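Heads up: the sequence lines are chains B and L, in that order.
Per the working numbering: the first sequence = residues 1 to 271.
Per the working numbering: the second sequence = residues 272 to 557.
Rather than coming from a laboratory, the hints here were simulated on the basis of the structure.
Source: prediction; values computed, not measured.
Don't take every hint at face value.
Chain L regions said to be covered by chain B (calculated; three or more residues, Cβ under 8 Å) [as the list claims (entries may be wrong)]: (1) 314-324; (2) 454-464; (3) 494-504.
FRET-style restraints, in silico, Cβ to Cβ [unchecked claim]: (4) B:A14 <-> L:A457: 47 to 53 Å; (5) L:R467 <-> B:L17: 20 to 26 Å; (6) B:N229 <-> L:E414: 35 to 41 Å; (7) L:G411 <-> B:L17: 48 to 54 Å.
Below 20 Å or equal to it, Euclidean Cα-Cα: the simulated SDA-like pairs (lysine to any residue) are [to be verified]: (8) L:K399 <-> B:G8; (9) B:K98 <-> L:P293; (10) L:K369 <-> B:G8; (11) B:K45 <-> L:W421; (12) L:K369 <-> L:A357; (13) L:K551 <-> B:L107; (14) B:K45 <-> L:L416.
The beta carbon of each residue, even a glycine, is placed where N, CA and C say it ideally should be.
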Amino acid sequence: MTLASRLGPNLVRALVLALLAFIIFGPLLNLVLWAFAERWYFPSKLPSQYGFTFWQRVFAPRGNAIASLGTSIWIAILTVAFSLAVAIPAGYALGRLKLPWRGAILLAFLLPQAVPNLPVYVNIAQVFYQIGLAGTITGVVLVHASHGLVLAVWIASAAFASIDGSLEEAARNIGASAWTCFRTITLPLAAPGLMASAIFVFLESLDEFTGTYFVGVPDITTLPLLMFNASMGGNYQIASITALLLLVPSIGFMLVVERFLKADVLAMVGR
Amino acid sequence: MATSSNATIGNGRLAAVALVAPALLVVAVFFVVPLVLSAVGAFRDAGGTFTLAHFDKALDLYSRDLIFTVAIVVLSTVLIAVVAVAIAGYLTLGENPKAVAVLRWLYRWPLFIPFVVAGQVMRTFLAKNGMLNHVLIASGLLEPLQADSWLDWRGIVVAFVWKQAPFVTLLLAGAMASLERQHIEAARNLGAPRLRVLIDIVLPQVRGTLLVGLVLSFVTMLSVLSVPLMINPNSPTMMTVDVAYRINTHADYAVANALCLLSLLLAAVGAAFYLRHAVKRVESGG
Chain B
1 MTLASRLGPN LVRALVLALL AFIIFGPLLN LVLWAFAERW YFPSKLPSQY
51 GFTFWQRVFA PRGNAIASLG TSIWIAILTV AFSLAVAIPA GYALGRLKLP
101 WRGAILLAFL LPQAVPNLPV YVNIAQVFYQ IGLAGTITGV VLVHASHGLV
151 LAVWIASAAF ASIDGSLEEA ARNIGASAWT CFRTITLPLA APGLMASAIF
201 VFLESLDEFT GTYFVGVPDI TTLPLLMFNA SMGGNYQIAS ITALLLLVPS
251 IGFMLVVERF LKADVLAMVG R
Chain L
272 MATSSNATIG NGRLAAVALV APALLVVAVF FVVPLVLSAV GAFRDAGGTF
322 TLAHFDKALD LYSRDLIFTV AIVVLSTVLI AVVAVAIAGY LTLGENPKAV
372 AVLRWLYRWP LFIPFVVAGQ VMRTFLAKNG MLNHVLIASG LLEPLQADSW
422 LDWRGIVVAF VWKQAPFVTL LLAGAMASLE RQHIEAARNL GAPRLRVLID
472 IVLPQVRGTL LVGLVLSFVT MLSVLSVPLM INPNSPTMMT VDVAYRINTH
522 ADYAVANALC LLSLLLAAVG AAFYLRHAVK RVESGG
């Protein structure tokens with residue numbers, strides 16, 4: 001065989017991978033360039049000056065970004081707390097107990113994933129406006145939680161279902177109460193799965209745009225909304241820096257996702 | 272499901288129902304009720320009587336956007352399917368371990384990137400003066416004078432595929448990895464080319480997973496507001512943008528709800544597939 005015919009497939013493979021790498025990283029690289037571009041005028045290919053001026057503006061102690069970041073994280077924490085508070089009992093019942101219409105109930109929790117959310121956000125915003133919840137943290141948390149609940153319930157239910165029942169039985173046999181047994185045996189064993197669902201809910205809340213856009217106006221500005229407003233206002237540097245802030249948790253989670261979500265849970269998605 | 276110990280059941284079904292109730296209540300109050308309100312609002316005039324006028328107006332003003340939305344979402348779904356099958360297929364059948372490892376590391380970067388960030392990323396990447404045009408010009412594929420902005424329907428499709436394809440690929444690659452290798456090896460030993468093995472042996476066994484991933488993506492893309500708003504806000508645009516416009520500019524909830532109901536109708540086609548599949552799975556002891 002000639003050198004060319006042996007090189008051929010390798011070359012094609014390398015080219016395809018390089019093209020894919022450009023498609024995936026090109027847009028991200030472009031974002032990083034914008035984040036550090038001090039001046040970038042048409043039609044130059046690269047910024048004519050780099051710097052941190054806009055970073056200083058974003059991270060100024062009284063800047064909008066710090067306030068929005070704080071709001072975003074606070075909303076995400078409250079959403080996780082609220083979602084898990086209702087998802088853990090529900091997941092336990094779905095995963096461990098005999099429940100009438102179990103299949104139908106699991107399907108009900110899928111509803112927010114299988115139906116476009118826009119009509120929900122639009123009408124919940126109108127209702128919240130009438131009862132004074134529009135533009136409040138509580139209102140936004142409730143909207144985020146009703147969506148995040150789906151993942152939380154499904155993952156929690158899977159986590160509880162995978163626990164070996166004989167451990168609980170042993171505890172009950174030596175006299176532990178149902179509550180003690182749940183607190184000291186079941187809950188710690190399910191903790192990794194519950195952690196995964198907490199991270200999912202946290203990220204979903206942190207990244208959520210449409211619901212906050214309708215329910216949060218005019219007082220709640222989360223990081224995605226700040227990014228959107230900066231971008232629509234033509235301030236690409238601020239928008240890109242904010243986008244980078246939002247990318248950190250997303251990519252961080254992507255890199256470790258398989259540690260939390262083993263194949264068995266992944267196979268459950270959409271079931 | 273693991274066999275539950277009788278000790279924990281003790282309290283009976285009532286306790287189980289009580290444990291699920293709060294979560295169900297949240298979904299009912301903050302999801303089902305607004306959904307019903309949307310359906311009701313779309314059919315009621317100011318006096319509260321039944322009317323179809325909002326639909327007339329919605330179709331009158333936005334029928335072009337309806338078609339535009341369907342075209343974009345269907346095209347994106349098809350492209351996502353092609354990309355996901357290609358990548359997941361190579362991850363399963365690829366024979367160069369290094370290439371498989373690189374691909375596995377590479378494909379999922381956009382997995383958890385929020386839509387609003389994907390919108391911003393593409394807004395700059397695909398702009399007339401964006402990186403894509405510079406690279407195309409530098410590589411001689413595009414004349415500098417021909418360079419134009421990609422921020423129209425193409426931009427939305429690119430953003431959707433870029434963001435959603437890794438998700439479907441992840442599901443599909445997971446399903447493919449859990450297949451029995453024997454059939455695949457046997458076919459390969461008989462000399463079947465890899466493309467044939469992928470289409471004839473692997474794909475039929477993971478059809479369900481592919482379908483679920485695609486329907487979830489289809490429904491998600493139908494209700495994404497940020498991407499069309501950032502990439503292509505001018506007419507023709509996607510219906511989500513029209514809904515936001517009716518509300519923010521005219522406080523016209525009636526027509527907005529009619530538009531929402533139309534997009535629900537579109538999603539229902541997809542969701543029907545999805546629920547039928549999900550019911551089958553749950554019934555077969557999922």
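Does the alpha-carbon distance linking K369 of chain L and G8 of chain B stay inside the 20 Å limit?
holds, 16 Å
Look at the Cβ atoms of R467 of chain L and L17 of chain B and judge whether their distance stays inside 20 to 26 Å.
holds, 23 Å
Are A14 of chain B and A457 of chain L spaced within 47 to 53 Å by their CB atoms?
This hint is violated: roughly 31 Å between Cβ atoms.
Within 8 Å of chain B's CB atoms, at least three CB atoms from the region 494-504 of chain L: coverage verdict
Result for this restraint: holds, n = 6.
Coverage assertion for the region 314-324 of chain L with respect to chain B, Cβ distance below 8 Å, three residues required
Three-residue rule not met by the region 314-324 of chain L, so violated; n is 0.
Is K45 of chain B within 20 Å of L416 of chain L, Cα to Cα?
Cα-Cα ~15 Å, so holds.
Does the Cβ distance between N229 of chain B and E414 of chain L fall inside 35 to 41 Å?
Since the Cβ atoms of N229 of chain B and E414 of chain L sit about 36 Å apart, the hinted range of 35 to 41 Å holds.
Could you see if the CB distance from G411 of chain L to L17 of chain B stays within 48 to 54 Å?
Violated, at about 21 Å.
Check the hint pairing K98 of chain B with P293 of chain L against an upper bound of 20 Å on the C-alpha distance.
This hinted pair holds, its Cα atoms lying about 17 Å apart.
Is it true that the CA of K399 of chain L sits at most 20 Å from the CA of G8 of chain B?
Not satisfied, since the Cα-Cα distance of roughly 35 Å exceeds 20 Å.
Agreement of K551 of chain L and L107 of chain B with the hint, judged by alpha carbon distance not exceeding 20 Å
holds, 11 Å
How about the region 454-464 of chain L: do at least three of its residues have a C-beta closer than 8 Å to a C-beta of chain B?
Coverage by chain B is violated for the region 454-464 of chain L (0 residues, Cβ < 8 Å).
Checked against the numbered hints given earlier, the structure breaks hints 1, 2, 4, 7, 8 and satisfies all the rest.
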